[in-house]
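When you get a sec, could you build the whole thing from the sequences and use the hints?
If you want the building blocks of each chain, they are given just below.
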Amino acid sequence: MPSFFEKFDKIKPAYDAIYNVVLFLCKILLIIDILITTMAVTGRYVEFIPDPAWSEEVVLSAMSYMAVLAAALAIRKNSHIRMTAFDKYIPEKALIVLDIISDLFVFALAIVMLVVGWQYAVQIGSRGTYVSMPSISRFWMYFPIPLAGGAMILFLIESLYNHLKRFYVVKEAK
Amino acid sequence: MSEQSMAILILLGSFLVMIFLRFPIAYAVAISSMLTLLYEGLPLTTIAQQMVKGISSFSLMAVPFFITMGVLMGSGGISDKLIALANSFVGWMRGGLAMVNIVASYFFGGISGSAAADTASLGSILIPMMVDEGYDADFSTAVTITSSVEGLLVPPSHNMVIYATTAGGISVGSLFLAGYMPGAILAVSLMVMSYIISVKRNYPKGDKFNLMSLLKQLLTSFWALAAVLIVVFGVVGGVFTATESAAIAVIYSLIVSVFIYKGLDWKGVWNALGDCVNTLSIVMILISTSSIFGFMLTRLHVPTLASNAIIGLTDNPIIIALLLNVLLLVLGMIMDMAPIILIATPILLPIAVSIGLTPIQFGIMVILNCGIGLLTPPVGAVLFIGSAVSKQPMEKIVKATLPFYVAMLITLLLITFIPAISLWLPSLFAK
Amino acid sequence: GCGLTSPETPDETPAETPAEEPAEGEEEPSDDMPEVTLVYAEVNPLDTIVGQTDTAFKEKVEELSNGKITIEIQASGVLGSENDVLDTMLGGGGTIDMSRISAFALTSYGGEKSKLLSIPYTFVNREHFWNFATSDLAPDFLLEPFENGTGVRGLFYGEEGFRHFFTVDPVNSIEDLAGMKLRVSNDPVMNGMVNGLGASPTVVSFGELYSALQTGVVDGAEQPIANYKSNAFQEVAPNMILDGHTLGAIQVIITNEAWDSLTPEQQDILMEAGEYASEFNRQISEEAENEVLQSLKDEGINIVEVTDPAPWQAAVKDVVEAETEGFEELYQQILDMQP
Ligand code: NA
Ligand code: NA
Chain A
1 MPSFFEKFDK IKPAYDAIYN VVLFLCKILL IIDILITTMA VTGRYVEFIP
51 DPAWSEEVVL SAMSYMAVLA AALAIRKNSH IRMTAFDKYI PEKALIVLDI
101 ISDLFVFALA IVMLVVGWQY AVQIGSRGTY VSMPSISRFW MYFPIPLAGG
151 AMILFLIESL YNHLKRFYVV KEAK
Chain B
1 MSEQSMAILI LLGSFLVMIF LRFPIAYAVA ISSMLTLLYE GLPLTTIAQQ
51 MVKGISSFSL MAVPFFITMG VLMGSGGISD KLIALANSFV GWMRGGLAMV
101 NIVASYFFGG ISGSAAADTA SLGSILIPMM VDEGYDADFS TAVTITSSVE
151 GLLVPPSHNM VIYATTAGGI SVGSLFLAGY MPGAILAVSL MVMSYIISVK
201 RNYPKGDKFN LMSLLKQLLT SFWALAAVLI VVFGVVGGVF TATESAAIAV
251 IYSLIVSVFI YKGLDWKGVW NALGDCVNTL SIVMILISTS SIFGFMLTRL
301 HVPTLASNAI IGLTDNPIII ALLLNVLLLV LGMIMDMAPI ILIATPILLP
351 IAVSIGLTPI QFGIMVILNC GIGLLTPPVG AVLFIGSAVS KQPMEKIVKA
401 TLPFYVAMLI TLLLITFIPA ISLWLPSLFA K
Chain C
1 GCGLTSPETP DETPAETPAE EPAEGEEEPS DDMPEVTLVY AEVNPLDTIV
51 GQTDTAFKEK VEELSNGKIT IEIQASGVLG SENDVLDTML GGGGTIDMSR
101 ISAFALTSYG GEKSKLLSIP YTFVNREHFW NFATSDLAPD FLLEPFENGT
151 GVRGLFYGEE GFRHFFTVDP VNSIEDLAGM KLRVSNDPVM NGMVNGLGAS
201 PTVVSFGELY SALQTGVVDG AEQPIANYKS NAFQEVAPNM ILDGHTLGAI
251 QVIITNEAWD SLTPEQQDIL MEAGEYASEF NRQISEEAEN EVLQSLKDEG
301 INIVEVTDPA PWQAAVKDVV EAETEGFEEL YQQILDMQP
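Residue numbers (the numbering used here), protein chains in the order written: chain A, 1 to 174; chain B, 1 to 431; chain C, 1 to 339.
I should point out that these hints are in silico values taken from the structure, not numbers from a laboratory.
Careful, some of the hints might be misleading.
To be verified - Taking beta-carbon pairs under 7 angstroms as the criterion, some of the chain A residues facing chain B (in silico):
(1) L73
(2) R82
(3) S102
On a predicted model such as this, the values are computed, not experimentally measured, just so you know.
Every residue, glycine too, gets a C-beta built ideally from N, C-alpha and C.
The following block contains the structure:
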């Protein structure tokens, strides 16, 4: 194995750390969603617990953040749903090539999400606010998309690197 | 070829190619939409806009909440108690847990009104339960997802409300009543199919029925059973909505797991949340990106074009009725329910009425067709949730679901050709 | 019997609509007018008051432009909710060019003027609203989103009738509303109004509202009469009190991009068709609403009239003051248009 791979393998702990931070955020967002919904329900019956008008919009936004961040985690775990029915008929090297092609296309999508999503969030943010919270910019409703693009790019780089490495290892084993 | 047909070809064609090239489906739907937007010379902001819109539906929140509830119940010991209880009820019968799954969806899915929420809730409890008891994971998932469609037919059901509003002048109350029998017939046909498969695959059969042990199990599983009762009575009694019940169920399972059954400590809860996030990481993004794809199909008038294609093909009422079903099934394979109901109803209802179907009976047909569509590739939210919850590959589940698709199609034909199944119950209550 | 019958084959009458001869003195559209298609979003079905208004506008535009301008209406909310549509239009997606929105949807996009139209108990009757909609103030209001850089402009106003409360249990006065859980949209004006009336505003998504009324999660909600009926809410909440807290003011908007892509002649056509559709809306709105109201009464729905609006106005005084702050003069001008 060339020294290139040995050198870059050292970056794995950094990726582990990023993964853990993102997972931590996802758990917190899920907890926030459950707590706010529970509070809104209880607040209808218990005087001192609030039942704020913003609960629905906040829950939906928190879920958007969780969904896109978690989806980036799924890239690292390679757990996204895909059709694998014909995998057993395809040679391993061809599979790696297909993985690389798909990662490259998803990479392009991620760049679009990052760039176009950012422009969109900024533009809509300068024009609108949450309906229930007139002081909070609509930017935050759409910021999950560029954020997702960024997180996807981060994990796609590692994924592409691993495919290349796998490709090389398969070649060496021959 | 017109620009519109070319755009449709790019959208559907590139999507299918990417599926076969093993692209993650969540991203394939977005990339094919992106290519279509580029072809049309439209800015790509639609992607950002529709992705956020896809997740921003409050009813959808039941899915993450119920998945969390299922994981907590599984790791906190509640599920074990429910298994023991279910076994003392139906363990004597071959395929008993499959029957429990199907019957539970009639009541529980009926209350949530959403097949996705039903699969998320019952699936995340029952699939691991069935696997522990010796059922194959793909069969367990197939039973779970197909029976979740009962929840669309048994009231309350938001999709029925959408249909009634779109069809115009239909009583939501009558449509609700019309759903009970078709839901029951669907349940029975799924039970028959499950029984046949269970016998063939020699699925487990437990001890003989014993009233004493049943009573004992009822007692020890009191807190577990209460979780189900809280959701059911809370919703029926108007304490909270179906979506909100999911959050309450999480809090309840947490309390019972940590303080009563003590199957989990706080560290265990924190780790269990990691499992929830893993499942949600697969499901939520699919729902989000599918929304772009649905928007593109709508914008390109695909449902309208498809519906118009069958108008005037024949005047044989039986063939027209079958064509209506085929069309709705095909649309259901690539689109979500609500947009199909909104777009296709105004076009198809007059055709349906012209062959003697009443708007109510046709409504039941629309709901069942679109419900089947939720379980089929390439785009099927309930199939995806089933796959994520059971950690089984999609195509394996589809294969295991094949006999159940047949059972569902038989139910569909019965509903299409025997109006009384839908109309008898509402007629009893008509003034 | 399977219950199916052969479809009735209607007499084949070819759609014989010869291009109408332009009335004398009216200008024939120029031959070199470029062809354009504008995608137009509507959240309601086409058979509603607003849907018919959209159709009237579409037909007028196509007639005046000799078919050179096509309005492609996508109804029933297939392109998304009102906020989704606005986000699509304001984000410059180019996939939606026009839409019919409720006038105060622009409030959360910086519409300070349009917010005044949603202040409770402002318009005392329809005529009052139409005095505003046809006044010199109206164009200022319609152009507000253009002037403050939001990226759209309003073409014309219409209305879908007054919004009223409907409830599971009968309500005969404000006192009966006290303590009730009422579902309203989550904006501050509506929430402030419900609090002012002594009830508690409750968040329930529109899709779950029918079930929420049926099971009793909420005690009531509010909609214009036509929507109350078309969503079958009378089945689960058969009591309506005609308090008319806000008039469902609507407006049709177009994106700057779409507007700028039109020739001045085409822009004139849209404005002229807008005037026509606005007048059309005024004519059908009241009539259609009375019809629905009568059919509800025939069904046995308990409809209570409000004879004295004074206590209702007094109850919401605080929210009216808070929400009109800084625009008192303009708001007073609207109030003064009372016939
Ligand atoms: Na249901
Ligand atoms: Na089930």
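Outcome of the hint check:
Interface hint at A:L73: satisfied, since its Cβ lies 5 angstroms from the closest Cβ of chain B, which is below the 7 angstroms cut-off. Interface hint status for A:R82: upheld, as the beta-carbon distance to the closest one in chain B is roughly 5 angstroms, under 7 angstroms. A distance limit of 7 angstroms between C-beta atoms decides the matter here; for A:S102 the minimum to chain B is near 4 angstroms, and the interface restraint holds.
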